[in-house]
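Since chain B is already given, all that's left is putting chain U on it; use the hints.
2 protein chains.
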Amino acid sequence: MERKKPTTIHDIAKALNLNSSTVSRALNNHPRISEKTRLMVQKTAKKLAYQPNSMAANLRKSSSKTIGVVIPRISRHFFSQAISGIEETAYAEGYSVVICQSMENEKREIRNIDTLISSRVDGILISPAIGTKSYKHLNQIKERDIPLFFFDRYIEEVDASKILTDDFKIARQLAQHLIDQGCKKMAVITGDRQASIYRDRINGIYETLKENGFNMESQLLIKETELIYENGEQAIREWLKQGVEFDAVLGLSDMVAISALKVLQEEGIKVPEDVMVAGFSNEPASALISPAITTVGQPAYEIGQLAVKKLLHFLKEENPMDAHEIAILKSELIIRESTIRTK
Amino acid sequence: MERKKPTTIHDIAKALNLNSSTVSRALNNHPRISEKTRLMVQKTAKKLAYQPNSMAANLRKSSSKTIGVVIPRISRHFFSQAISGIEETAYAEGYSVVICQSMENEKREIRNIDTLISSRVDGILISPAIGTKSYKHLNQIKERDIPLFFFDRYIEEVDASKILTDDFKIARQLAQHLIDQGCKKMAVITGDRQASIYRDRINGIYETLKENGFNMESQLLIKETELIYENGEQAIREWLKQGVEFDAVLGLSDMVAISALKVLQEEGIKVPEDVMVAGFSNEPASALISPAITTVGQPAYEIGQLAVKKLLHFLKEENPMDAHEIAILKSELIIRESTIRTK
Chain B
0 MERKKPTTIH DIAKALNLNS STVSRALNNH PRISEKTRLM VQKTAKKLAY QPNSMAANLR
60 KSSSKTIGVV IPRISRHFFS QAISGIEETA YAEGYSVVIC QSMENEKREI RNIDTLISSR
120 VDGILISPAI GTKSYKHLNQ IKERDIPLFF FDRYIEEVDA SKILTDDFKI ARQLAQHLID
180 QGCKKMAVIT GDRQASIYRD RINGIYETLK ENGFNMESQL LIKETELIYE NGEQAIREWL
240 KQGVEFDAVL GLSDMVAISA LKVLQEEGIK VPEDVMVAGF SNEPASALIS PAITTVGQPA
300 YEIGQLAVKK LLHFLKEENP MDAHEIAILK SELIIRESTI RTK
Chain U
0 MERKKPTTIH DIAKALNLNS STVSRALNNH PRISEKTRLM VQKTAKKLAY QPNSMAANLR
60 KSSSKTIGVV IPRISRHFFS QAISGIEETA YAEGYSVVIC QSMENEKREI RNIDTLISSR
120 VDGILISPAI GTKSYKHLNQ IKERDIPLFF FDRYIEEVDA SKILTDDFKI ARQLAQHLID
180 QGCKKMAVIT GDRQASIYRD RINGIYETLK ENGFNMESQL LIKETELIYE NGEQAIREWL
240 KQGVEFDAVL GLSDMVAISA LKVLQEEGIK VPEDVMVAGF SNEPASALIS PAITTVGQPA
300 YEIGQLAVKK LLHFLKEENP MDAHEIAILK SELIIRESTI RTK
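Protein sequences appear in the order of chains B and U.
For the first sequence, numbering that gives the first Met the number 0 begins at 0 and goes up steadily by one.
For the second sequence, numbering that gives the first Met the number 0 begins at 0 and goes up steadily by one.
Incorrect hints may appear among the rest.
One copy or two, either will do: identical chains are not told apart, so a pair holds if it fits within one copy or between any two.
Said to hold, decoys possible - Keeping only pairs whose Cα atoms sit at most 20 Å apart, straight-line, the calculated SDA-like set for lysine to any residue is:
| no. | residue 1 | residue 2 |
| --- | --- | --- |
| 1 | K106 | E87 |
| 2 | K135 | R119 |
| 3 | K135 | I333 |
| 4 | K64 | K106 |
| 5 | K168 | I227 |
| 6 | K13 | A48 |
Hints in this document: simulated from the structure, not taken from any laboratory.
Next up, chain B with everything else stripped away, as it sits in the complex (with noise of 0.2 Å):
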């Protein structure tokens, strides 16, 4: 019973051992492509039976009208704005959005994307989850011709556009700010730096330390966590137990900062002025609390709007998409209390 499936662009690109979007320039008969290679893929196309766009166009024609949004957390302040962008550009544009949440847990999110796939999405948006190891379930995504976008975090492995933010960028800010306040030995809490948004931040923060002479072993303190509340509280309690000293805390995420000020005040360690706090992300908390935290202020909104707008143009341009396309949004350091020393 089952249905041979319609050749795809993708099957054209393995036969040939091609870039799926140089098999896409060549059909569509891109300047870039030499005569060589368009010829080589118009004859393979061919040989294939390829009906161009067939299977895209049809998609489009029955369209859901939907949009499948796959994120770790909704609790989060990030999330839940970015999901905001999402919504009011595709509600804007006559396009509804469902949303999964991965809980950072792999298995789920290929349910997730299973789910997203039967429920006939148009478009999928993913920020993957941590824990998330293996791609097949986001390279099926691509071979059934539904266009995947990256927001946020993204898998090298994995062909498709993204729209990040400035993470190495911001946090070489960040800690140039501490370092400018007097920081002389920094302790950082950091989630799984296999993520790519915990690797770039800590990579920014290593550059900066060096270009400011630090010693990396000595000034330096680094604890991996999975930046949850209480891994805020654990750092701490086990840095003071050591005995090992440090004068500014930077914490990836703005939960995991809130619970090491917490801590600090309990001990009678006075922030800023013995220890400077920063965090990540702008949680509203970070701003209420006493004293308040510097964070970084990302364009979660902007990010969601953004990754509406591509897949929707590439949707009416009725184009295979283009791989390895890169948006990269500003971040912005948010400056309070809790790391101020010098007026």
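For chain U alone, coordinates are given in the frame of chain B:
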């Protein structure tokens, strides 16, 4: 090309001017149904060519193993916790979950429902938008024999099972606590009282004030808002400008309570000495600011769990929905520094 829709118990109910649940019971030989009704229902079922559970059974055979959830806002602590309860229970039973956000907007809620029906979800759990004044989209779910459950909020005009919290009772406890701590004039910031949850809470507060001999004209201030952060500041500034007195602020969301607290402190009014402040829903920030705010902890996770359990029980039973089942879960009064005057 349109096929005739199979007869449902709702068609029989309509033809006989009976409740669907009565028809369901009659068809299942329920002891509470009279012999006369049972025979009448069976006769009409035969006349309308009713196939017992045919459509529902078919739907279940082609089950998508997906539960659709519609909530007002994913960014609210209560709803993100409820979603956690929904997802943990659903995934453990092999079901996926897709989430739609109405943003308290009726039009968007109608779109959400359309999207979930098109995605062939096995059931829908909804906490309706405050702005929802029509019920056609909700009745449409039931007409398609897709099970529908309300959680936290409900619409009286739509027959469906409900999983709720004890808003009336816990609001009484909270009001009584403020009176016990010396409140003589209470300023309440509420949401739209057409919504079940705010109506129930306000009724609880009214009853408690009356029991305690409060003069409702002179000892109660009330302001209806959208319950977003800014509304707390706006309400307090307005009351201060009008020169009216109050010694306790009760916000029906933590966001307005936190915003009110901040303005009071800015104006040099001491909390809790001059004015006590209490909120609702136990947002994480309410415990982090100083003074920590007294609030109501709602069984959000448990509500989500129970909603899925009831839905899955219904799907397994293969019995038409027995309407009017109501489960009420217990909230918890969380007393913190912002309302403790007596030791």
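Hint by hint, here is what the structure shows:
Taking the closest pair of Cα atoms, K106 and E87 come within 20 Å of each other only across two copies (13 Å); inside a single copy the shortest separation is 30 Å, beyond that limit. For a Cα distance limit of 20 Å, the shortest separation of K135 from R119 inside one copy, 19 Å, qualifies, whereas the shortest one across copies, 25 Å, does not. In this assembly of identical chains, K135 and I333 lie within 20 Å of each other by CA distance neither inside one copy nor across copies; the values are 39 Å within and 47 Å between. Within a single copy, K64 and K106 get their C-alpha atoms only as close as 27 Å, which misses the 20 Å cut-off; across copies the closest is 16 Å, which meets it.
For the homomeric pair K168 and I227, neither the shortest alpha-carbon distance inside one copy (24 Å) nor that between copies (33 Å) is at most 20 Å. Proximity of K13 to A48 under the C-alpha cut-off of 20 Å is restricted to the intra-copy arrangement: shortest distance 15 Å within a copy versus 54 Å between copies.
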